[in-house]
Each structure stands twice: as C-alpha cells, then as structure tokens.
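Participant: Chain A is already provided as a structure; the job is to place chain B on it using the hints.
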Amino acid sequence: MTVDSSAARKRSAAGKAGTTGSKADSAGTKSGATGAKRTTSTTRAPRTARAGAKKSTEPELVQLLTPEGKRVKNAVYDSYVAGITPEDLRGLYRDMVLTRRFDAEATALQRQGELGLWASLLGQEAAQIGSGRATREDDYVFPTYREHGVAWCRGVDPTNLLGMFRGVNNGGWDPNSNNFHLYTIVIGSQTLHATGYAMGVAKDGADSAVIAYFGDGASSQGDVAESFTFSAVYNAPVVFFCQNNQWAISEPTEKQTRVPLYQRAQGYGFPGVRVDGNDVLACLAVTKWALERARNGEGPTLVEAFTYRMGAHTTSDDPSRYRGDEERQAWEAKDPILRLRRHLEASNHADEGFFEELEAESEALGKRVREAVRAMPDPDHFAIFENVYADGHALVDEERAQFAAYQASFADAEGGH
Amino acid sequence: MAEKMAMAKAINESLRRALEADPKVLVMGEDVGKLGGVFRVTDGLQKDFGDSRVIDTPLAESGIVGTAIGLALRGYRPVVEIQFDGFVFPAYDQIVTQLAKMHARSLGKVKMPVVVRIPYGGGIGAVEHHSESPEALFAHVAGLKIVSPSNASDAYWMMQQAIQSDDPVIYFEPKRRYWDKAEVDVEAIPAPLHKAQVVREGTDLTLAAYGPMVKLCQEVAAAAAEEGKSLEVLDLRSVSPLDFDAIQASVEKTRRLVVVHEAPVFFGSGGEIAARITERCFYHLEAPVLRVGGYHAPYPPARLEEEYLPDLDRVLDAVDRSLAY
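Chains as they are written, first to last, in the UniProt record's numbering: chain A, 1 to 417; chain B, 1 to 325.
In short, the hints are calculated from the structure, not lab data.
Using N, Cα and C, we set each Cβ at its ideal position, and we do this for glycine too.
There may be inaccurate statements among the hints.
As the list claims (entries may be wrong) - The list that follows gives simulated cross-link-like pairs (lysine to aspartate or glutamate, EDC-like), each with its CA atoms no further than 20 Å apart:
#1 B:LYS195 - A:GLU399
#2 B:LYS111 - B:GLU128
#3 B:LYS111 - A:ASP174
#4 B:LYS47 - B:GLU13
Said to hold, decoys possible - Coverage of chain A stretches by chain B, computed from C-beta distances (three or more under 8 Å per stretch; other residues unrestricted):
#5 174 to 187
#6 200 to 208
#7 223 to 231
#8 381 to 392
To be verified - Cβ-Cβ distance ranges computed for the label pairs, FRET-style:
#9 B:GLU286 - A:ASP378: 45 to 53 Å
#10 B:ARG280 - A:GLY297: 52 to 60 Å
#11 B:ARG280 - A:PRO377: 32 to 40 Å
#12 B:ASP180 - A:ASP174: 40 to 48 Å
#13 A:ASP378 - B:ALA223: 56 to 64 Å
#14 B:THR97 - A:ASP325: 42 to 50 Å
#15 B:ASP245 - A:TYR406: 17 to 25 Å
#16 B:GLU128 - A:SER220: 26 to 34 Å
#17 A:GLU371 - B:PRO288: 53 to 61 Å
Here chain B stands alone, though its shape is the one from the complex:
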C-alpha cells in the first residue's frame, strides 16, 4: 500500500488516520480548520471531522497549549499546531512549567499525551521569526520528547507514534521539506520513534543530522563519494532522547563525526552529541567531533540565509577538516 506523497500530505494523512482511529484525538491551532493551516498540513480535516475536533483557536499560543493541557487532563489527546517556530515562545512557559512537569508533579497519576507540531527551520525566504530552529531550547527540558522527521514516510509514522505516546512530544516539521515526495507505506511496521537510522552506509566519516539537514547530508555524501570518500549518514530522527547507541556504533566504525543542524552551534544539540560521543568513543576518535550549524546571531534576513544555513560546501569543508586529522 505504498504511495508517493509529499511530507505535508503524509502528516495530513497521519492526522486523518489518528482522528479516525480515536475519538479523543483533537487537532487545534491557528487557521488549522477552514484554511487547512498556512502550509495546508491540516487541509480538509475540519470538513471531515467537524469543528469540535479540528479547532480553529484564538491567536494565543499559551492559550493553545494551556487549554490542550486541560483537554489532556480530561482524557483527550490534542495535537496542537504552532504556526511557525518563532511563535512558540508565548507558549514556552506552559510547555516548560506545566506540560513537561505535570506527569512528575502528579507522581505519575496524570499523563500528558499532547503533541505540539512546530513547522521549523529556514530556507524558504521568509520574514523574521519564520525560519528558526529552537529544538535545543526544548531538549534541555526533562519531561518533553523532541522528534523531527526528515522524509514523508517518517513524518507519517512518527506522527502516529507521537500521538500514541503518553508523553508530550514536540514534533518539529522541516517546513522546507514539506513538498518533498517519498514512498509512504501506511501498512508498514514502523521503526521505534526514538531510534536513529543509517540512511547511507560509509566507512570514512559519520554525518549525523535530523529533519531538514538529512537530505543535505545525503547530498554531501554523494558529492564526497565522487572524490572517493565514503561517508555514513545517520538520520537521528529524535533529539530527545538522542540515540547515542546508534551514533556510537557508527563512530566506532568510521572514527570521525560531523554533526549538522540549522540551529545555532552554540549550546546546540551538536554540542551535547560531541561531549557524549567523546566520552563514549574517546579511543576510537581520529578527530574531534565537528559541528556545522547556525551562527550566534539572530536568524538573518532572507537574502542572507544562504550564508547562515549549512550548505553542501560548508559541510564538505567540515568533512575535509575532520579527515585532515
């Protein structure tokens, strides 16, 4: 039952399946109803499931997450949309102080099956606050799980798994990959939500990435192959928890690691990976773990974003630097 579809459509189909399967699943957010979301990810859902299950909310992100928490306490499983990455911060308080901690605060009596969907990342020529990658700000918070699919098939299945999770999941959607198509088999047996996957095998160096940067890393590996270098590409898929076992296994083989993300390098997930992999693989490493990502500057205006975002050459440069050790 494999069908080729764009990532946006895959998420839409996954939400549809969840709404059909469980009457407690709700979709909430700004413009998610009649409009179908600004990226059309929720297109047609309100028409088919009604406005009490696919809910256009007031323009108040804290209110969206705060009421979703209340609905979860009542037994619902809300999937809320934050329209853009840079708009999540009004809800940051509710996510960090309430959503993340409610289960622990209740000594396990209360569960918080809430999915927060956030279209994130740059590369679409947008105005300020529409291109950010704030995943590290959430990964730092215990109680949250953070995932980001890189392709349509993962987007479909990881959404199914996120909705089924009894923990709050922040689901980062790489908006610049929304229209990339891939085969989605809706009858497949999916990989576990928080396991990384080797998407290209190699022997000389490991590129680790998630979300929008996986495709770039695959392109880098293809370019490097032309120069006779064999790069392994690891799609991490989950930022919290991170699949360190998978990274370790790959690095023990290749002995070199470059982590790539759009988010700023400073205090980013690459830093955490570098530290832990250094602990785990100290005697295997031939080079320090290198990171490629955004700079310690506000996300730049669109005409500069190509300079800010990791691209083929910047990642290849890091690969060369690693291999030079």
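In isolation and in its complexed conformation, chain A is listed as follows:
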C-alpha cells in the first residue's frame, strides 16, 4: 500500500475545504487568548463573544437547502444529488420524521423508567439521515452511541438499539447483518476500528467504503488522531464523519479546538469539508462525494457536519447548567426537518395526505417501540457468564458452577423449587 497523497492534496487544493489561514488564526486568538484556566465568572462572556464572532469568522458551510427550504446551487456537490427525485426527498423527510419520533419515544420511555438512559439525537437528524442514506449496502458503519438515524438507514430495527439503554445487554444486534457496528461508548475508539476495517477492505480489493462517526468532543481523543494518521498513511477507504453538535456534555467546541475541526484533515494530508449538518441534502451530497473518493482509492476524508444537539447530552444531563435557551432558539430556526418540509411544500413535492400518513406511521412506530421495550425480558442470570470467551475459559466455567450452586441453595431453602 502506498500513500496517495498527491490525490489528496489536489482535492484539498481545489478549495472545497477552506484553508487554515487568517480564519483559523482569529478563531485561535479568540479561544487561546484567555488560556485554559478560565474562571467561572468569565466562562459566559467568551461564549457570547463566540456566538457573535461566529458569523464573521466561521468558514462557510456547504449548503444546498437554506433554513427557509430554498435550494441553492453548488458547483461541486450538486452532481451528487442530481438524480434525486421528489420521492427520494419525501423518503429523506420520512426518515428524519420517524427517527425523531423514535428518539422522542425513547426519551419518554426513559422518563417512565423503562430505559435507564437515553442519548437523544434531536437536532442531528439531517446529519445522520443524509450521511446514512449516502452509504451503500456493502459499506460498513462504525457509530458512536447516538447514531439512531444512521441505524435506521442501515435497516437496524430501532427496538434493537434500546436493549443496552434498558440494561438487558451491551449491544443487541449482529453488526454484520446490516454492516452497522455496535454502539461504542468509549469516545473515539471506533474511529480506529473503522480505519482497520477499511485497511482490510483495501487488502481484499473490494470497493466498499467505511464511515466512522464521532463528535466534536471525540476530536480531542488520541485515538481519533491516530485513526487520521493510520488512514492517511495506508490510504484507507474511510470517511470520518464528525457531527459537531457544539457541545461535549457541558463543554463547548472551543474547549476542544482552536481551528475549525474540518481543517484538522489538512495536517494529515487528506481533505476536510464542513457541511451544514442541518441540511439533509448537503449531508447526502458531501458524504456521497467522500464515499466515492474512498471507493476510488483516494483515501480518507473528514466531513464536519455543523449541527446542534437540541436536547441534553443524555437523559441524565441538565443543559440549563451550562447553556442558555437563546442558543437553542437560534438553532431551532435552522431545524433540519422544518427546512425540508418547507422545500417539499414550496416545490409541491408533497401534499397534505403525505404528511398525514406520515404522522400516522410515526405514531405507529412510537407504539411499536413502546410495546417492544415494555415486553423486553430481563436476561437470564447466567448471561453474565455467556460469551466472555469464544473458546471458553476454565475460570469462567468454575465461577459459573459456583454461581449455579449458590443460586440452587435458595431453591433448596425454598423447598426444592
């Protein structure tokens, strides 16, 4: 395997990916000047400054649909969605609506005590559906623990995602059934798995591609940096899809980086691009482009989907402790579902019947999920000892036997039931 850096350089030089010039410097000055040891009292001030400064200094996003639902031309990426039909657009809309409905049901189930925890994707539907629908059946997806929309696109039954959040397993689906790997909770670990998998794809001579999801917080992890290094050096067919949802629990993006995240790619020798993460069409187009690069042997790409985590980090989190409502309200105006609906309506691509039918389908999905979770049985006690090893282990056998004897002692005490 050789490093195809020339191809990568050409691509990034073509100007898709912004440059690390004065923009980066100004962003850097902004966060760097105050240093790491900010006092609590000053924490709010820079954030306001950031919100204000973003308009002038943040690089442009790839956008095909404005928040008002207006289709805008893009010379580079239009071709990747050129063949899209009204039916496809309705499909994307349906995906997003159903994903949001599923997500809301899961949040409700947590509040009802049916789930121990839920990590909501609210607000990130476009990033996930757009990128997920860009993948081919033989592609392989490595998610974090929030990619419910991508799972949907891959055909994973949404109820399977809930087992780990209910506490009945640590991952309840066969990754190879849908080429959708198990949720990975340790931040960033899966980017290396994706890279290794992609190295294997290249060794096999296949033209599949791999996509690794991670977030702005994970971008600080060493594993993500190492995955960039490995994928670049081996020219692995992998797309790094970073959903920058602005918050890593309570830490804003400026606690993770001095440069816009997509610009990190340049230092590794492959292109990076920032896309409007609330624009499903743009996410679809940019991810298709990146996956195509991978298939063509042009190596890795970093896509930064600029989006917003509308809800809490998880159901255990309380965002009111670290961010204000005004920020959320500003992002609500850029809602991914709303903008596609505006587009569909303005283009007469969907009638009232479509939306009504979808509403009914949403409710049916919510009901199905609710019933499936409530019916989900607790695992057998002996599941503790199952699948610890593929080829068995003497100590596990011994401890299982001890556990069985201990359990049986209660049965004896109760009269041999």
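Facilitator: Only chain B this time, still in chain A's reference frame:
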C-alpha cells in the same frame, strides 16, 4: 523434524508457518517489516510475504491495536507487536475496553482473533520502560487470555495456538530468553495452550513459574537437589486461565508452594495463586504459599535490576522459609 533453535527464531518460524497457512494472518507493529523487529523476531517475513501482510505501522500503540480490531472485524487474524512491555499502555484502553469486550458485547456474534505480542521482563540491562512485567494488569480483565512461553518449543507451538484462538491472546515473550536454544519439533502434537507442565518432578516443595522464571526455578531445583531437597517445578505457561488443577495436584503431593515471577508481588499472579490454592489445598499445606517477585517500586535502573529481580538465592531463601514450617 526436531531442530535446535533460539526462542526468537522459534517465534519467527511459527509466524512464518501461520502466514503461509492462512492468508488472513497479518503481522503488524513498529519496525517489524524491513528491520525484522528490534529483536529480529519478524526477520525476513516482510521480504517473503510482502508489506501488505507484514506491516510497518506508525508509532502509535493504540492505533496498532485499534486497527487490528478493525481488521479482525473484517475477517483478518492480526498478530501485533508491542515493541516493549512498558510501551503497551497507550494501547491499554483499546485492549481493555474494546478487544477484551467485543465478543461479549456482540452477544457472541463477533470474534476477536488478535494476538498481541509483548516482549517483557528484565535482565537485559535496558533503560526505563524496557524491563517490565505487566501481565497481571491484563489477567485482571475478562475476555483476554494471557500466555507466556518459557522455552523455544513452547514459544513455537503456543504461538500457533494463539493465532488459531478465536479469543484475543496477550503473548508475553520473555525477552531475556530470546537467545536460549531448545529442540523444536514442528511436527509434534502440542500440549493444550492453557495447561501447565511439570518440567521437573519433586516431592518436597513445588516451584510454580512461567516465562523467564521457569529456567531460574529449574536452576534452583538443581541447586536444592545438591542439598538433598527434592523440588518440583511447574511451568504454568498460561496466566489466564491459570491451570489451578495442575498446581493443586502438585501441591497435594509436595504440600508446599512457592510462586516466582518478575512482576511485583503486590496484586501479582502469585497472590491469586496463593489465595486459590489455599482454598483448594488448605488441609494439604504444611506452610503458607510464599511468593518471590519484584518489589512495590518502579522497575529500577539497570545497575540495580539484579537486586530487584528474583534470583537463585532469593528463591532458595523462600524455599528454606517454606520448608522451615
């Protein structure tokens, strides 16, 4: 077809055989390709199998193990090298949170046939981080299997078995024994990977060890024999699982046990063996199980390592203390 070869060569031959037998086997690590590894364990493999199967990696241990996991998910069987014991810790996260748990997390759907080779232990006069024995840090983690051969023949066969295993195996290579030669019969029928072996029979006391300390224990047994003491030496070979049945059988015969390892005694494998053998053999024991190993101090500079490492006299001292009960 027995041939006398050094342990390093035996591992090399075993890797070669695995690469020949299965196109899914890969060798990965820092300097394993052109250089043949800093200990030459992978010498000549890249030349013969190409750089897509014998892969020089970036200097990033987490990356090495993390990508090996991905390759295993794709159906490969990577054998990765961590250049030295003290360098494994950047990969510790991937090994503990991912490699060890992937099979269970997937409810058995995914297998992780990854071998992590770690040259370990002291006695070679090295600088810091090049002489450590971190096996207990891995043995504590369910999902991993931990082995350490003591001689060239075991090194050859245990590597074959580790590669064939569908579980992740941490394969600790006693670097100070790399150049010790022994007969290796490449047509033999090997003993099971996780079974201990009695390498010297005795009646008065059992010495249990693995990896680099087996040779020392054999020397101790020879010295003790001159004083009329009959020591049994058990080569444990596997740290996880540990072959407690074999230890128990030996202790029921000798009634005394001394466990020897280079790793620090505190929370080391000797502690686990002592506890479990006390449970299993309480009425057979004539003396408490004693342990000889490293101290609760960072591995010392090379000029002090002879004081830190178990040696003939320290083990004999423990033997005397046990026999004095």
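Participant: For the range 40 to 48 Å, tell me whether the beta carbons of B:ASP180 and A:ASP174 fit it or not.
Facilitator: holds, 46 Å
Participant: Holds or violated: B:LYS195 with A:GLU399, Cα cutoff 20 Å?
Facilitator: holds, 18 Å
Participant: So does B:GLU286 sit 45 to 53 Å from A:ASP378, Cβ to Cβ?
Facilitator: Holds: the Cβ-Cβ distance is about 48 Å, inside 45 to 53 Å.
Participant: Return holds or violated for the Cβ distance of B:GLU128 and A:SER220 against the range 26 to 34 Å.
Facilitator: Since B:GLU128 and A:SER220 have Cβ atoms about 28 Å apart, the given range 26 to 34 Å holds.
Participant: Is the hinted range of 17 to 25 Å satisfied by the C-beta distance from B:ASP245 to A:TYR406?
Facilitator: Given about 22 Å between the Cβ atoms, the range holds.
Participant: Note whether the CB distance of A:GLU371 and B:PRO288 lies within 53 to 61 Å or breaks it.
Facilitator: holds, 60 Å
Participant: At the C-beta level, are A:ASP378 and B:ALA223 separated by a distance inside 56 to 64 Å?
Facilitator: holds, 59 Å
Participant: Within 20 Å, alpha carbon to alpha carbon, are B:LYS111 and A:ASP174?
Facilitator: holds, 12 Å
Participant: With respect to the beta-carbon atoms only, verify the hint that B:ARG280 and A:PRO377 lie 32 to 40 Å apart.
Facilitator: holds, 37 Å
Participant: When I compare C-beta atoms, does the stretch 200 to 208 of chain A have three or more residues closer than 8 Å to chain B?
Facilitator: Three-residue rule met by the stretch 200 to 208 of chain A, so holds; n is 4.
Participant: With a C-beta cutoff of 8 Å, work out whether three or more residues of the stretch 223 to 231 of chain A approach chain B closely enough for the coverage to hold.
Facilitator: It holds, with 5 qualifying residues against the three required.
Participant: Would you check the hint for B:LYS111 and B:GLU128, treating anything up to 20 Å between C-alpha atoms as holding?
Facilitator: violated, 35 Å
In summary, the numbered hints that this structure violates are 2, 14.
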